[in-house]
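With the sequences and hints as input, model every part of the structure.
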Amino acid sequence: MLTSPWRLFAALAGLIVVGVVVAGFAAERSLRHAELTRIADDLRVRAELVSLRACEVPFDPADVAQLDALADRLGGAARVRVTLIAANGAVVGDSDVPFDHIASLASHADRPEVREALSGRVGSDTRESASLGRQLSYLALPCVNGGVVRVAADLLAVDAAVAGLRARLLAGAGLGLLVASLAAWWISQGALGPIREMRRVAASIAQGHLEGRLPTSAGDDLSQIASAINQLAEQLRLRLEEVTQEKEQLRAVLEGMVEGVLVLDAKGNVLLANSRLREFYDLTGEIVGRPCIEALRDAGVDEVLGEAARSDDTVARQLRVGRVAPRTLQVHAVRFPAPPASRVGTVAVFHDISELARLEEVRRDFVANASHELRTPLAAIRGFAETLLGNDGLGDTERRSYLEIIDRHAQRLTHIVEDLLELSTIERGRLRLEPVELDMGELVRSLLRDSEPRFRERRLEVVLVAPKRVLAWADPHAVELILGNLLDNAVKYTEPGGRIEIALEPGDPKVRVRVRDTGIGIPDADLGRIFERFYRVDRARSRALGGTGLGLAIVKHLVQSLGGEISVTSRLGEGSTFTFTLPSTAART
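Residues in the sequence shown are numbered from 100 upward in steps of one, following this note's numbering.
Think of the hints as simulated: they come from the structure by calculation, not from any bench. A few of these clues could be false.
[Stated by the list, open to error] Listed next, the in silico DSSO-like pairs over lysine-lysine satisfying Cα-Cα at most 30 angstroms (straight line):
# : residue 1 : residue 2
1 : K655      : K609
2 : K567      : K609
3 : K567      : K655
4 : K366      : K346
5 : K591      : K609
6 : K591      : K655
[Unchecked claim] Label pairs and their calculated CB-CB ranges:
# : residue 1 : residue 2 : range
7 : A685      : R531      : 22 to 32 angstroms
8 : D549      : A685      : 26 to 36 angstroms
9 : A624      : E604      : 23 to 33 angstroms
All C-beta atoms, glycine included, are put in the ideal place defined by N, C-alpha and C.
Structure below.
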């Protein structure tokens, strides 16, 4: 927006420009009209003089050479362009066209001024010449010989006069603009100085700079306005300090919350979203001012907030969000302010209950899996015990067979209970671990020697790939349990003729151990759950081979208790690789 001196300058300049333009337009039209009238009168006199001599001879196309020479003499004498035109419109002479081009000229019968002259009247026209390419004024007179004498004057002089006038007008306009600039500057420095200072301070206050003040020494109206502006700035400064302090306190509270907070206005657009909510929905761009459904792209949240906006009660709902890292959120939404006041907006609080939901799912799965695992051997024991009790006629062989089945299932129950107790001890931190400097290569070789008969029975190739010495800082018994369970799984799920490889990689601060087999592999959908209690990829095969479903859960908790990590990669039909780490002796020192 233009400032006061510039508005003043613009007004003065506008008046000058408008005056110059209007005056110049009128002067230009008047000058052009006067010049054209003068040229027309002059052409009339010259045309009559030329016709007196030219009309004495017939305009015979056969005498073009003599007629063109006549036109040249007459044009030179009259100082105008002379064109002699026969009764049929053919040009038989022209003072400005060379003789050898006369024959190529088109018929002039259709020219307006020629058409008038051929009908017995005086014809005139102003246009650009087709043969010369210049603006000309034409006048044509009829001859007694049936032809037409036409004279033409170049309008360059008119254009030059108009251009000179226009230049003088532009110079006047420039001078006027200069005078307007000087006048605007002089007035602004005197009369507009205090107003300009008020504008500067007011603009500074509007931008948030509340320290500036106006002088109030004068006793006029401007001084009173300056005093009022100073008071306004001081009040704004005090209110801004209060609001800023409250805003920072609110920001600190919101950013420190573990819950996500979302506030919408009455139209459903986002007013506020804390960083926790952005983390829940992986938001990176600016969402304030955007509709909720567009900002979060979650129809569930939009539905909850819409229901809360229409209700006076708190609306609660559980939502599942996220694709890469899914979360379970408990959402509580309520309108504000409370009724009976009119609704201004809606606020929602998001509680992350993913861990609680996961633990509840693990608990349900554990109860279901444990019940299923215990029910099978208990049903077998009960069935065969009832058979033994209810049938006294059984032979010794059948009785012994039934007792062996009962004993086998009782041992299975014992193994399950022992594994559960061991897993519970590890999880509760009651397992006493006594880390020592452990030669991993020697420990693995000892385990392989103990399991050699089983490897031969299954026709498996088992190899150890390791440097000369790999030292870890770990409890030997715990590492034996870890490797024993991993080897046991590798043997169970690798077909005869397969290969099992144990690789040791020294490192600082971790020693890495890989147990790789060429077994049946694990589906991608099961990889994330194989370390859960009683979770089995192939339940029937696992039970037939004597597994309790707790081995990998024990392995995971033992590795974590020793300060390491465990992971698995697998491909169906190609085998699996379990990798875990242990602290190295180098890291301990």
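Structure-based check of each hint:
no.	hint	in the structure
1	K655 to K609	holds (16 angstroms)
2	K567 to K609	holds (17 angstroms)
3	K567 to K655	holds (27 angstroms)
4	K366 to K346	holds (23 angstroms)
5	K591 to K609	holds (29 angstroms)
6	K591 to K655	holds (19 angstroms)
7	A685 to R531: 22 to 32 angstroms	holds (25 angstroms)
8	D549 to A685: 26 to 36 angstroms	holds (29 angstroms)
9	A624 to E604: 23 to 33 angstroms	holds (30 angstroms)
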